[in-house]
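Novice: Quick mapping for you: the protein sequence lines, in order, are chains V and U. Quick note on numbering: the first sequence equals residues 1 to 203 in this note's numbering. Quick note on numbering: the second sequence equals residues 1 to 203 in this note's numbering.
Derived by calculation from the structure, the hints in this document are not laboratory data. Source: prediction; values computed, not measured. Careful, some of the hints might be misleading.
Stated by the list, open to error - Computed footprint of chain U on chain V, listed as stretches where at least three residues anywhere in the stretch have a Cβ under 8 Å from a Cβ of chain U: (1) 84-91; (2) 175-182.
As the list claims (entries may be wrong) - Reference listing, derived: stretches of chain U covered by chain V, where coverage requires no fewer than 3 residues with Cβ under 8 Å from a Cβ of chain V: (3) 104-115; (4) 169-175.
Here a beta-carbon is modelled for each residue, glycine too, at the ideal position from N, C-alpha and C.
Protein chains: 2
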Amino acid sequence: MTDSKRTRSGPGDKRHRLTVSARELLHRQGAAATTLAQVAEAAQVPPGNVYYYFKTKDDLVRAAIESWAGELRTGIESCAAQPDPPARLKALMGLWVDQRDLVARFGCPVGSLCSELDKRDDALVDDAGRLLRVVMDWAEEQFRELGRPDARECASILFGGVQGAALIANTLRDPEVMTAHVRHLEAWIDSMAQPSREGSAVR
Amino acid sequence: MTDSKRTRSGPGDKRHRLTVSARELLHRQGAAATTLAQVAEAAQVPPGNVYYYFKTKDDLVRAAIESWAGELRTGIESCAAQPDPPARLKALMGLWVDQRDLVARFGCPVGSLCSELDKRDDALVDDAGRLLRVVMDWAEEQFRELGRPDARECASILFGGVQGAALIANTLRDPEVMTAHVRHLEAWIDSMAQPSREGSAVR
Numbered sequence: 001m002t003d004s005k006r007t008r009s010g011p012g013d014k015r016h017r018l019t020v021s022a023r024e025l026l027h028r029q030g031a032a033a034t035t036l037a038q039v040a041e042a043a044q045v046p047p048g049n050v051y052y053y054f055k056t057k058d059d060l061v062r063a064a065i066e067s068w069a070g071e072l073r074t075g076i077e078s079c080a081a082q083p084d085p086p087a088r089l090k091a092l093m094g095l096w097v098d099q100r101d102l103v104a105r106f107g108c109p110v111g112s113l114c115s116e117l118d119k120r121d122d123a124l125v126d127d128a129g130r131l132l133r134v135v136m137d138w139a140e141e142q143f144r145e146l147g148r149p150d151a152r153e154c155a156s157i158l159f160g161g162v163q164g165a166a167l168i169a170n171t172l173r174d175p176e177v178m179t180a181h182v183r184h185l186e187a188w189i190d191s192m193a194q195p196s197r198e199g200s201a202v203r
Numbered sequence: 001m002t003d004s005k006r007t008r009s010g011p012g013d014k015r016h017r018l019t020v021s022a023r024e025l026l027h028r029q030g031a032a033a034t035t036l037a038q039v040a041e042a043a044q045v046p047p048g049n050v051y052y053y054f055k056t057k058d059d060l061v062r063a064a065i066e067s068w069a070g071e072l073r074t075g076i077e078s079c080a081a082q083p084d085p086p087a088r089l090k091a092l093m094g095l096w097v098d099q100r101d102l103v104a105r106f107g108c109p110v111g112s113l114c115s116e117l118d119k120r121d122d123a124l125v126d127d128a129g130r131l132l133r134v135v136m137d138w139a140e141e142q143f144r145e146l147g148r149p150d151a152r153e154c155a156s157i158l159f160g161g162v163q164g165a166a167l168i169a170n171t172l173r174d175p176e177v178m179t180a181h182v183r184h185l186e187a188w189i190d191s192m193a194q195p196s197r198e199g200s201a202v203r
């Protein structure tokens, strides 16, 4: 955040700053450990003002989810510029590989937030599910364009692979776990683009 | 827990009950949301007694990790009875598929605990890493026996796939995500046992 931005402190700007700070803190320390006071401090918003924008921590978590959904859509748009489905799917996975050092330290921001919210039994789980679907729906379209009748399953295998690699990279603090797993998934995608090979077909 | 067991309340028995209750509560609601008082109540141990066995919640989390490691070793022993590496690796994944309904509701107990502890920067992350390695070391041996020079990578891809599938199954509350992903990994293992096929080779 630059100083010039900090002086523009209209209501929308403060809300945005709180959301960005919440996103960052949720990623680094998880939702349970994050307080509204910490978010206010990181966003340089007076603690008493937070309640004007977010009544509860759950409201802030929802805003962070919505913000991640926006990030994912932006990332997907950049991948959609690739010429064909295999290149698009590889570009999608590249978004995670490019962030592998951060993933190895704090996990995938999306996946680790989902994992934490999954323990709950309220509407935030549905919000987390919608976040995953932003990626999976688009990946499914790519697999369908590749002629896969099991496009939904393929999307789940692809994104599950990325998420599982992120978890292991994070726990072992080893970014290269991401690289190796994505290389494997790339080879799987390549094998689909050559229909004569059957070895890696999803039965 | 049967009544006859509950009357045997030697120190070892209480410690065991606290550990089992902690494991269960950590799985269902995560470490942050779990209190020593809840664990004491679930274990039917007077709250004041807990401190005799576990000074802090972290001590209890460590005991739960050790207990999960024991469970994983027992599971692995049952898989080791299979005649060859592909059958053993499939039996390993079967341990998760068999629990898919529970996984879809509360996540993989091991993976979701790792994901939560990964945010920290203390010794518990190493404990979580050792837990993953119980599975990955054994899977690596199987891939080595299959003649894979990249056995470690294969183990990581296999267990990452299982963990990612567990996360997506949990977020979407859909146990069949596990089944489909494991079917895919089984096909990958089968393709290794037939070295003439190259489609799914890890480059």
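Novice: With reference to the structure, classify each hint as holding or not holding.
Specialist: How the hints compare with the structure:
1. For a cut-off of 8 Å, the count of residues in the segment 84-91 of chain V with a CB near a CB of chain U stands at 0, and the three-residue condition is violated.
2. A stretch counts as covered by a chain when three or more of its residues have a beta carbon under 8 Å from one of that chain; for the segment 175-182 of chain V and chain U the count is 3, and the coverage holds.
3. Counting residues of the segment 104-115 of chain U whose CB falls under 8 Å from any CB of chain V gives 6; the rule of at least 3 is met.
4. With 4 residues having a Cβ less than 8 Å from any Cβ of chain V, the segment 169-175 of chain U passes the three-residue criterion, so the hint holds.
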